[in-house]
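J.: Given the structure of chain A, go ahead and fit chain B onto it with the hints provided.
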Amino acid sequence: MQRALTVVHALGLMLVVFSTAYLLPVFVSYLYDDGSMADFIMAMAWTLCIGILMWLSTRRYKGELSIRHGYLLVVGMWTTMPVVATLPLLLMVPGLSFTDAYFEAMSAVTTTGATTLSGLDTLPPAINVWRHELQWLGGLGIIVLAVAILPLLGIGGRQLFKAEMPGPMKNAGLTPRIADTARNLWVVYAVMTIICAFALKWAGMSWLDAVCHAFSTMGLGGFSTHDASVGYFNSELIEFVMIAFMLIAAINFASHFLAWHGKSLRIYRYDTEAHATLGLILASCFGIALFLWWNDVYTEFLTALRHATFNVVSIGASSGFASADYGQWPIFAPLWMLFVGCIAASSGSTGGGIKMIRTMILFKQAGREFLKLLHPAVVDPMKIGGRVVTNNIVFSVLGFIFLYFMTIATLVFVLLISGMDFISAFSAILACINNFGPGLGAVGPSSNYAALNDFQTWVCTFAMLVGRLEIFTVLILFTPHFWRR
Amino acid sequence: MKILILGAGQVGSTVAESLVSEANDITVVDFDGEKLRQLQDRLDLRTLAGNATHPTVLEQAGIADADMLLAVTQSDEVNLVACKLAASLYNTPTRIARIRAADYLERPEIFNADNFCVDFSICPEQILTDHIARLIEFPEALQVLIFAGGKVSLVAVRAVEGGPLVGRPLRFLRTDMPKIDTRVAAIFRQDRSIDMDGDTVVQAGDEVFFIAATQHIRTVMLELRHMDTPIKRVMIVGGGNIGRRLAKRLEKEYQVKLIEYDKEASARLAAELTNTLVLNGDGTDEKLMQQEHIGDIDVFCALTNDDENNIMSSLLAKQGGARKVIALINRSAYVGLMHRGSIDIALSPAQVTIGSLLAYVRQGDVEVVHSLRRGAAEALELVAHGDRESSKVVGRRIDAINSPKGATIGAIVRGKEVIIAHHDTVIESDDHIIVFVNDKSMVRKIEKLFQVNLGFF
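Protein chains in written order, with this note's numbering: chain A, 1 to 485; chain B, 1 to 457.
Next comes chain A alone, as it looks inside the complex (with noise of 0.2 Å):
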């Protein structure tokens, strides 16, 4: 109990430091002078006695965290950030429900892109800034963040950036101080941001909107400050820096740091799942252009490669924006960007699904078995680009593999229990695990998640959270042992 106290404290300092990210939408209610700065101002101080109040009253347990308190507070943080982040969707859009905001803030920071929301384009600026600046920060991790701007969790730290960060294989290692990592990761992320509004505001956007979609590119989350998505610009420059900016944030960001260290873009040729990851997405870009041409979706080959490209890398990489309506394509092309989307995107990205790696290690691990089963003395360690996969964390990927299809199954039968229809519930299962929001039928492309029931609406919301943690840091909460002393 004492020890949960020290989470609570933690917490509090954190829930402190987010407090400051209210300031940008303050500022531009400002610069719109669109009415909401009162509301924001409000929130932000709510945000900052909640924290002070945690921090404050638990000031006694302060102390270093322990591996299992990590997770409780990696967890803790991921539930209580999106309770404090409603404060100014519930203040200011008239009609929101607790659960649909809850949703809407869950879904920004686990960068899913999922919405309850329509009217987009005539929400307030600042709203729209808000929810779009809540993926910028779920999309490397706000855990990662802490850690770098926290000096207080200097040792339990590295525990922590490993319960957020996603991938089988933590890389932890890129500089001898844990801080020093999270800290150089956000830079690397911060400056590509940057690079990616201006690049947007070039290929035609205002201001506005180049900022928020570089916050939701760069995370790969898919919110849109137009109801239409993307498919409101209708430029095809507009869709191809943010084709070439998702594709970038869909590689693992320790490849990026180190290219950035060491000013060469060799090391990408090392990172053998960047290879795979792209090589999958683009193949698939190619092979679904080409499946709708061929069943004159598009009679143009040109066209169909235009918004295949464009569907394919944003569900693909796990963003989930859309330029046309691939609901309405022929049923393999949207099941497929669903594959792709569960498996694509690089560990220590900021995308969602399965990972890259893991799919390599279990495509792997397959071919080992066949090889033991004809050559019987054979050793045959797992080797990825050349370096070896310990048994390990092959085993930790098989478990990790078996909880991901659990998770989905239990949680699409409880929504067909709830009376949703199948190919509903299965892709948004599947569209909130993986964190690239929309799916088909009653949530797809054209329409948004305001159409479940507040129970279906919460069940997503865990999806999204258990997704985005990658399984293991949230289920681990509900596991007798965690509790035992």
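Each hint should be verified, as a subset may be incorrect.
As the list claims (entries may be wrong) - Not everything, but these chain B residues come out facing chain A in the computed CB check (under 8 Å): (1) ALA267; (2) ALA271; (3) VAL278.
Claimed, not checked - Below are the SDA-like pairs computed for lysine to any residue, each with C-alpha atoms no more than 25 Å apart in a straight line: (4) B:LYS252 with A:ARG387; (5) B:LYS318 with B:ALA204; (6) B:LYS2 with B:GLU59; (7) B:LYS232 with A:PRO376; (8) A:LYS364 with B:ASN275; (9) B:LYS248 with A:ARG269; (10) B:LYS252 with A:GLY367; (11) B:LYS252 with A:ALA276; (12) B:LYS252 with A:HIS275; (13) B:LYS287 with A:HIS275; (14) B:LYS232 with A:THR303; (15) B:LYS252 with A:PHE405; (16) B:LYS252 with A:ASP271; (17) A:LYS383 with B:LYS248; (18) A:LYS383 with B:ASP262; (19) B:LYS287 with A:ARG368; (20) B:LYS263 with A:LEU373; (21) A:LYS372 with B:TYR261; (22) B:LYS252 with A:GLY385; (23) A:LYS372 with B:GLU59; (24) A:LYS364 with B:LYS248; (25) B:LYS252 with A:ARG269; (26) B:LYS232 with A:GLY367; (27) B:LYS263 with A:THR390; (28) A:LYS372 with B:ASP285; (29) B:LYS248 with A:GLY385; (30) B:LYS252 with A:LEU373.
Derived from the structure by calculation, the hints contain no laboratory data.
In this text the structure is predicted, and so the values were computed from the model without any measurement.
Cβ coordinates follow ideal geometry from the N, Cα and C atoms, glycine included.
T.: Only chain B this time, still in chain A's reference frame:
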């Protein structure tokens, strides 16, 4: 010459043995007193037990007036430090170190005069690996030795019934292959060298040594035996320094299976090798061999540290149907025993590698030395210097050179050109001359022949 050898392991003792017989003063330093005693019992040399990197030990061993330091201990680091000490404290003129780690070898600046002062580095394992790799590339040959950076090769091949030249006199070699120039350097029949001229008839079973430009050796071999089907599958037993290097070298072009006994070592090997099938098991386990289809293996190489194991697994492999078996055998008595049995090639690591050291010890400008037939014969690459006045070879036709009997001038490399020697070829200064000597006692005379008279300077 006064030579100080550090390390009395396999390389050290073979070098010592070879050099003692060439009238050098040898001192051997090693940690292991017992090894030294054994060495001293056999050979006429001085030994000293102690740490080869301690200056006092080196002084006692007489480094102050040594002409050459051979640091050939097991440890790269000891060898490097010894060379550095020899250079900075005692000004030893020539320093040779055995360096195994590729990490060092890839950074040659480590060896220069500002750092570890190593004049020449040798890696016996690498030499042996290259040697075996060449045997796999030319599976019909018993030996393939290269000269002049690979331009010229000396090949030993056993004549087999059905080769066009077998049963006919040597002079037909010319008419059979008018475009290709080659020279038969020696023929060994029942392990004895025979005198030959154009009328000598090649018999099946003869071991024929010929010299040719490297690109021609396949064609020449075709004269003496039918060509085998090309090699595809290679099995290696023993993943030590040699097995590992060989697998790494071959895995791109051949299907390689590597059997290693030690579990951890096989895991390390499997991590390092990308295309090789690493198997954990005993190389003498016939069940494992059957399981891995020994009958389909084209070349089987037994490369463990253990002679008996190598012999046994090679015999098993041959019995199981492997096309060609190569065994690494350290003990020279075994090598002689196995050579004409069912093991196709018995390799003595010492004999294969010693040449690279001998080249530095020899007087005159000797580029390459290859020791042949268990040290009985030798092939050398010498460089001719001087002019007609100062040299006994330059400016003369080959038949005018007073070369000892049993020595054959096989080829001359002039710049980039390979000239196969004929009686009327004239030698020029700076030619690289490849000489085959079928009796090692003649080597001294050959070296003398190529030395430049003092008046040259």
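J.: If a hint holds in the structure, say so; if it doesn't, say that too.
T.: Against the structure, the hints:
no., hint, verdict
1, ALA267, "holds, 6 Å"
2, ALA271, "holds, 4 Å"
3, VAL278, "holds, 4 Å"
4, B:LYS252 with A:ARG387, "holds, 18 Å"
5, B:LYS318 with B:ALA204, "holds, 22 Å"
6, B:LYS2 with B:GLU59, "holds, 14 Å"
7, B:LYS232 with A:PRO376, "holds, 22 Å"
8, A:LYS364 with B:ASN275, "holds, 14 Å"
9, B:LYS248 with A:ARG269, "holds, 22 Å"
10, B:LYS252 with A:GLY367, "holds, 20 Å"
11, B:LYS252 with A:ALA276, "holds, 23 Å"
12, B:LYS252 with A:HIS275, "holds, 22 Å"
13, B:LYS287 with A:HIS275, "violated, 41 Å"
14, B:LYS232 with A:THR303, "violated, 50 Å"
15, B:LYS252 with A:PHE405, "violated, 39 Å"
16, B:LYS252 with A:ASP271, "holds, 22 Å"
17, A:LYS383 with B:LYS248, "holds, 16 Å"
18, A:LYS383 with B:ASP262, "holds, 20 Å"
19, B:LYS287 with A:ARG368, "holds, 22 Å"
20, B:LYS263 with A:LEU373, "holds, 19 Å"
21, A:LYS372 with B:TYR261, "holds, 18 Å"
22, B:LYS252 with A:GLY385, "holds, 17 Å"
23, A:LYS372 with B:GLU59, "violated, 58 Å"
24, A:LYS364 with B:LYS248, "holds, 22 Å"
25, B:LYS252 with A:ARG269, "holds, 20 Å"
26, B:LYS232 with A:GLY367, "holds, 23 Å"
27, B:LYS263 with A:THR390, "holds, 15 Å"
28, A:LYS372 with B:ASP285, "holds, 18 Å"
29, B:LYS248 with A:GLY385, "holds, 17 Å"
30, B:LYS252 with A:LEU373, "holds, 24 Å"
Taken one by one, the earlier hints fail for this structure at numbers 13, 14, 15 and 23, listed in ascending order.
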